[in-house]
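Trainee: Here's the letter readout for the chains.
Protein chains: 2
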Amino acid sequence: MRIILDAMGGDNAPQAIVQGAVDAAKAFDTDIVLVGKQDEVRACLRECGGEGLSNITVVNATEVVTMEDDPTRACARKKDSSMAVALRMVRDGEGDAMISAGSTGALLSGATLIVKRVKGIRRAAMGPVLPNGKSGIVLIDCGATADCTPEYLLQFAFMGSFYAKKVLGIETPRVALLNVGTEDTKGGELQKTAFALLKAASDEGRICFVGNAEGSDLLTGKMDVLVADGFAGNVMLKTVEGAAKFMFGQLKNVFYKSTKNKLAALAVKGDLKGMKAMLDPSEVGGTAMLGIAKPVIKAHGSSDARAVFNAVRQAIACAQADIAGSIAANIDHMKINTSEGD
Amino acid sequence: MRIILDAMGGDNAPQAIVQGAVDAAKAFDTDIVLVGKQDEVRACLRECGGEGLSNITVVNATEVVTMEDDPTRACARKKDSSMAVALRMVRDGEGDAMISAGSTGALLSGATLIVKRVKGIRRAAMGPVLPNGKSGIVLIDCGATADCTPEYLLQFAFMGSFYAKKVLGIETPRVALLNVGTEDTKGGELQKTAFALLKAASDEGRICFVGNAEGSDLLTGKMDVLVADGFAGNVMLKTVEGAAKFMFGQLKNVFYKSTKNKLAALAVKGDLKGMKAMLDPSEVGGTAMLGIAKPVIKAHGSSDARAVFNAVRQAIACAQADIAGSIAANIDHMKINTSEGD
Chain A
0 MRIILDAMGG
10 DNAPQAIVQG
20 AVDAAKAFDT
30 DIVLVGKQDE
40 VRACLRECGG
50 EGLSNITVVN
60 ATEVVTMEDD
70 PTRACARKKD
80 SSMAVALRMV
90 RDGEGDAMIS
100 AGSTGALLSG
110 ATLIVKRVKG
120 IRRAAMGPVL
130 PNGKSGIVLI
140 DCGATADCTP
150 EYLLQFAFMG
160 SFYAKKVLGI
170 ETPRVALLNV
180 GTEDTKGGEL
190 QKTAFALLKA
200 ASDEGRICFV
210 GNAEGSDLLT
220 GKMDVLVADG
230 FAGNVMLKTV
240 EGAAKFMFGQ
250 LKNVFYKSTK
260 NKLAALAVKG
270 DLKGMKAMLD
280 PSEVGGTAML
290 GIAKPVIKAH
300 GSSDARAVFN
310 AVRQAIACAQ
320 ADIAGSIAAN
330 IDHMKINTSE
340 GD
Chain B
0 MRIILDAMGG
10 DNAPQAIVQG
20 AVDAAKAFDT
30 DIVLVGKQDE
40 VRACLRECGG
50 EGLSNITVVN
60 ATEVVTMEDD
70 PTRACARKKD
80 SSMAVALRMV
90 RDGEGDAMIS
100 AGSTGALLSG
110 ATLIVKRVKG
120 IRRAAMGPVL
130 PNGKSGIVLI
140 DCGATADCTP
150 EYLLQFAFMG
160 SFYAKKVLGI
170 ETPRVALLNV
180 GTEDTKGGEL
190 QKTAFALLKA
200 ASDEGRICFV
210 GNAEGSDLLT
220 GKMDVLVADG
230 FAGNVMLKTV
240 EGAAKFMFGQ
250 LKNVFYKSTK
260 NKLAALAVKG
270 DLKGMKAMLD
280 PSEVGGTAML
290 GIAKPVIKAH
300 GSSDARAVFN
310 AVRQAIACAQ
320 ADIAGSIAAN
330 IDHMKINTSE
340 GD
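Same order as they appear, the protein sequences are chains A and B. Here numbering that gives the first Met the number 0 is used: position 270 in the first sequence is 269, and no number is missing along the way. Here numbering that gives the first Met the number 0 is used: position 14 in the second sequence is 13, and no number is missing along the way.
Covered stretches of chain B, as calculated for chain A (at least 3 residues, CB under 8 Å):
id, region
1, 140 to 152
2, 227 to 233
3, 249 to 256
4, 266 to 278
Sample of chain B residues lacking proximity to chain A, with all beta carbon distances greater than 10 Å (derived):
id, residue
5, D28
6, L52
7, R116
8, G135
9, A195
10, D202
11, R305
12, S325
13, K334
14, I335
The hints are simulated quantities; they were obtained by calculation from the structure and are not laboratory data. Note that beta-carbon positions come from the ideal geometry of N, C-alpha and C, so glycine has one too.
Using the sequences and the hints, build the whole thing.
Mentor: Pasting the structure below:
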């Protein structure tokens, strides 16, 4: 197994990326390739004691994709950027999976242009796993494609289901459709048509569709995959993040209110930390870009070494899962609109 | 001031509705009309000591709209339902505002058919106020219309702005557009076109548009009005509810974990209750249906007496605010598509 890391992407690059890579290289039986400005990357390697590790190699790339670059063109314009080089390497089989904490838009466009989608897949989708106190839930899509068609949602359902089964280990993932109510007839045109497609796929035994779900159902454990258009999915994901932050802020206010409360806070501090960690996206790793022909993982822009470490673990799992293979084997049942071509 | 209450709508009707009405009749200088099966309503009035109150009257209605009724036809089919009778009364000026905790869909359809929209308004919108630790934030729309046009969103921006100013007392409400990123060019076609409309209205000084906002911005206090299509807004609202519930559940687990933690919980119990109350929708009252020609308030289906009491207070504020008057005075600037007619 060989994991390719964009060493220059993310708020804390290259230090956090290199540190996470070193930790992962020590923990996992895998090769790691760090792609980036080699002098900087090697300096970081020395700093964090990773110089002598035989399973880490460095590949030079002279440019860096930044948040200021036009995402749709970044990888095409900066051909020698760490992101573009890393994507070409995974495309060419010089690694089994690729990870970047750089610009989401640039990575999505770059992966689509360089690595390409699995034949027949209309749009790639971002499928993060949200902690729900159980096995987690795959929310797909959550921002790759704002305007979706019913066919896209059908493909997201299959891809999310493959991911939940092969990466999360859920034997028969329960797939729900995000809607404004749980009744079968709810929603706009997109949801009504998608509902019929998902139900038909479920009737044929290809996925296990459990019906519509509302925003409030996300963390209840009632489903393993939640299918959404990229706009609503993104709103949902960020709303959960914002709500958690708000609640922890309010909780902090409560605990700082009086000496009595401060003492109480001291008593539960460790357990609260555990609760916060459970809700921490860096524990999950990154977000798989599903539908791309090779495993590409988007790590959070603010990833620290721990998040990078977890993203490597996730990338290994994704490479072993071969989601692209499952898609290719089922693509005939994932298409409805042949006029769009392949 | 006279507030008309659908006494039969909601999970706890008529008891909770009547109890809330009695509490409000004692607290506020307002007349209250209870519409419903008069024997049941009068029995409830007796039970909660509201029989002798001179500012409560009962109007008989023999039918009840239930959750099983087709929402789009409920008020038309059950002409003598408490909901339909109450809506006709507010339409005919026999009261200044109407409240129901019954079916949201039936109330929306009934209000649109019976009370009607303000001339020129394309769609009514639901604009609940979410607690954010400050003055609150109006989220509009959050479920009335799943498929929106840019013009609808422009109208929601004006209506939400009027509500924030006249009901919440915010002098210059900051209006944001829900999107998948804060950059001006983010989102799908709907958001891009709506952005241009909101910016133009802001440049003319008619609203104060502060740009795009993400799901994570909802509770930060950065804006007073968040404009969304009814689908994404509904997802957002319910996701916040679900996330809060999940977090309180996790917190409970922490507090029950050990004797030490239980003692800590005891110490902060009162303050945590305050935090929970702050996040409690029943403290806000109900959701105004904006764009309807007279004030119509949807109280939460699970409203208890306290929620009904707060909904009455809110209805009084809405009636005094005369949002419909503000809309009528500004409608020429709230339309772009004249082909749809008025």
